[in-house]
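Participant: One-letter residues, chain by chain:
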Amino acid sequence: MMTQLASITLMRNDDARPIIDAIMADNPDVCVLNMPGAVKLDCDGRLRVNRASVEERMGRAWSPQEIQLVLVSMAGNLEEDDDQFTLSWHK
Amino acid sequence: MTAKKLSLKQRYEFLTRDLDWEPSYQSADDIYPYDKFEGIKIKDWSGWEDPFRLTMDSYWKFQAEKERKLYAVIDAFAQNNGQTGVSDGRYINVLKVFLTGISPEEYQAHRGFAFTGRHLRGAGTRVACQMQSLDELRHVQTQIHTISHYNKYFDGMSEFPIQHDRVFYLSVPKSFFDDARTAGPFEFMVAVGFAFEYVLTNLLFVPFMSGAAYNGDMSTVTFGFSAQSDESRHMTLGIEVIKFLLEQHPDNLPIVQRWVDKWFWRGFRLLGIVAAMMDYMLPKKVMSWKEAWDIYFVEAGGALFQDLARYGLKMPKYADIATEAGEHISHQNWGLFYQLCHVAGFHAWMPDAEHLDWLSAKYPNTFDKYYRPRFEMWAKQEKEGKRFFFNGLPQLCSCCQLPMLYTEPGDPTKTCFRSSVFKGTRYHFCSDGCKDIFDGEPEKYVQSWLPVNQIFQGNCGGATVPEVLDWYKINVGVDNGDYVGSPDEALWNAWTAQRFSEAS
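If you read the sequences in order, they're chains A and B.
29 is the number that this note's numbering gives to position 29 of the first sequence; each next residue is one higher, with no gaps.
497 is the number that this note's numbering gives to position 497 of the second sequence; each next residue is one higher, with no gaps.
If you are wondering where the hints come from, they were derived from the structure by calculation, not from laboratory data.
Careful, some of the hints might be misleading.
When the alpha-carbon atoms are kept at most 27 Å apart in a straight line, the in silico DSSO-like pairs for lysine-lysine are as follows [claimed, not checked]:
| # | chain 1 | residue 1 | chain 2 | residue 2 |
| --- | --- | --- | --- | --- |
| 1 | B | Lys36 | B | Lys317 |
| 2 | B | Lys243 | A | Lys91 |
| 3 | B | Lys314 | A | Lys91 |
Sample of chain A residues facing chain B (criterion: CB under 10 Å; computed from the structure) [unchecked claim]:
| # | residue |
| --- | --- |
| 4 | Met24 |
| 5 | Asn27 |
| 6 | Asp81 |
We put the CB at the ideal spot given by N, CA and C, even for glycine.
Model the full structure from these sequences, guided by the hints.
Facilitator: Okay, here's the thing in structure tokens:
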């Protein structure tokens with residue numbers, strides 16, 4: 001079986017930076033592909049964005065729904081609630 | 001006392017379940033007459049879930065914020081004469097192809113999702129389709145607004161709605177959406193939501209818009225990524241519709257598989273135009289079409305279909321043929337544009353030496369062997385004053401409507417021809433993929449408006465090339481032909497010269 005990458009692509013701008021940093025901190029196996037204007041973050045099987053981690057870096061309250069303002073693309077089944085935004089493939 | 005704030009899940013539940021009602025003085029089948037004839041069986045509409053759980057208040061809030069950001073950029077771009085700062089005047093041609101070939105499809109997607117949003121009886125599905133319908137309208141509007149600034153300076157953009165209905169290569173995207181919109185609501189959802197949005201749209205919006213960023217086109221990258229932020233929601237809708245249909249009834253599987261096979265192939269053919277844009281029209285390159293295909297189809301599509309295998313859904317038929325063609329398709333399409341740009345609404349050119357070397361490096365298996373000699377020959381003919389144009393009318397595929405220019409799988413030196421006979425008439429196809437689609441619904445495809453056939457039937461302004469171009473609203477000597485020697489090039493050279501003079 002080939003690797004199933006759970007993946008998120010975010011704009012490369014000031015609004016997205018704390019989210020990118022939080023993903024890199026919370027998903028240690030993350031692989032980063034830099035493109036002009038955007039960044040693609042890939043994890044094997046599962047990628048999680050935690051509200052608390054983003055808020056810590058952003059310095060204000062943040063809802064996982066706000067990710068839509070800087071989201072470019074994603075791959076994986078989405079599970080979202082008030083505390084997290086997770087992409088994963090069924091194992 | 002303050003009421004406790006509802007959770008995301010509760011808010012979505014209230015919107016998509018509690019706001020719906022059972023009709024009492026009309027039957028549900030009379031209200032929703034189109035959601036059964038395709039043979040899809042739905043046992044429980046409440047099985048539908050939107051993982052974004054977007055409610056109307058959040059939708060309007062986020063979309064308004066996206067619009068504010070986008071229009072601030074468009075305004076700044078215009079105020080600062082951003083058009084003079086793109087990488088090269090050739091770059092503008094990608095915007096011409098985008099505005100004439102892609103933006104009108106955003107409008108078709110808007111109409112299509114408005115229809116499905118009205119005609120599917122599940123409340124959650126209707127809400128998701130309604131939001132997507134509004135998104136698509138936003139996309140076409142923001143694209144027209146953004147590109148209208150370039151229209152003040154460059155040629156080939158002003159007649160885009162009429163050209164979309166008439167010009168030969170624009171019938172490729174047009175027929176794709178005509179086909180989807182004349183299907184039933186579930187097929188439309190699988191065609192546009194799944195095959196196009198989930199499996200293929202990344203190839204259009206991610207590397208291509210990143211390319212716009214790299215080529216200094218701040219306004220286009222902003223509308224591109226602003227639209228793409230909606231696409232993530234659309235992709236999720238696409239994958240949800242597949243899971244929903246496959247979970248509802250086992251009889252749905254063969255129907256869905258047939259749609260996935262069909263729309264994957266149609267989308268692959270359509271995106272061949274984007275392949276040529278990425279490999280040949282971006283002066284500064286981000287990644288090759290082949291690299292984008294490997295990331296976004298082989299890798300991401302592979303993960304997706306591995307996931308969907310638990311429902312029995314297989315990789316689209318001919319996915320392997322499409323991946324092999326990834327080594328060829330951009331070169332073959334650019335060769336087509338080069339030979340036919342005298343009858344097109346944008347400019348073409350032969351790649352320079354540095355560009356040829358980039359293509360050799362990106363396509364080590366095919367470029368030097370099959371395409372470099374052809375392009376070097378055309379460049380030599382140009383130098384000798386014998387610029388080659390194809391002066392006939394190309395035979396078109398009766399399914400995808402592209403000229404019959406593609407090669408046999410496994411043999412890039414042999415043109416691929418397929419045909420089928422239906423009610424005594426022979427129809428021609430560029431590939432097994434297109435032939436299969438026709439053979440599945442011949443009654444539908446015999447009605448195709450094939451631009452070349454229509455010219456021969458006298459329905460396109462006249463019998464001569466100037467008459468047809470006039471009917472196409474292509475301004476001869478201005479909008480068409482080579483970039484070198486065009487008014488666009490003269491304007492660009494004047495701007496370049498001004499960079500070294502004082503502001504007046």
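Participant: Now, for every hint given, state plainly whether the structure supports it.
Facilitator: Now the hints, each set against the structure:
About 26 Å separates the Cα atoms of B:Lys36 and B:Lys317, which keeps this hinted pair within 27 Å; it holds. With a C-alpha separation of about 16 Å, the suggested pairing of B:Lys243 with A:Lys91 holds against the 27 Å cut-off. For the proposed pair B:Lys314 and A:Lys91, the alpha carbon gap of about 17 Å is at most 27 Å, so the pair holds. Below 10 Å, beta-carbon pairs count as interface contacts, and A:Met24 has none with chain B, the closest being about 20 Å; its hint is therefore violated.
Below 10 Å, beta-carbon pairs count as interface contacts, and A:Asn27 has none with chain B, the closest being about 16 Å; its hint is therefore violated. The criterion of a C-beta within 10 Å of any C-beta in chain B is met by A:Asp81, whose closest approach is roughly 6 Å, and the hint holds.
Of the hints listed earlier, those the structure fails to meet are numbers 4 and 5, in rising order.
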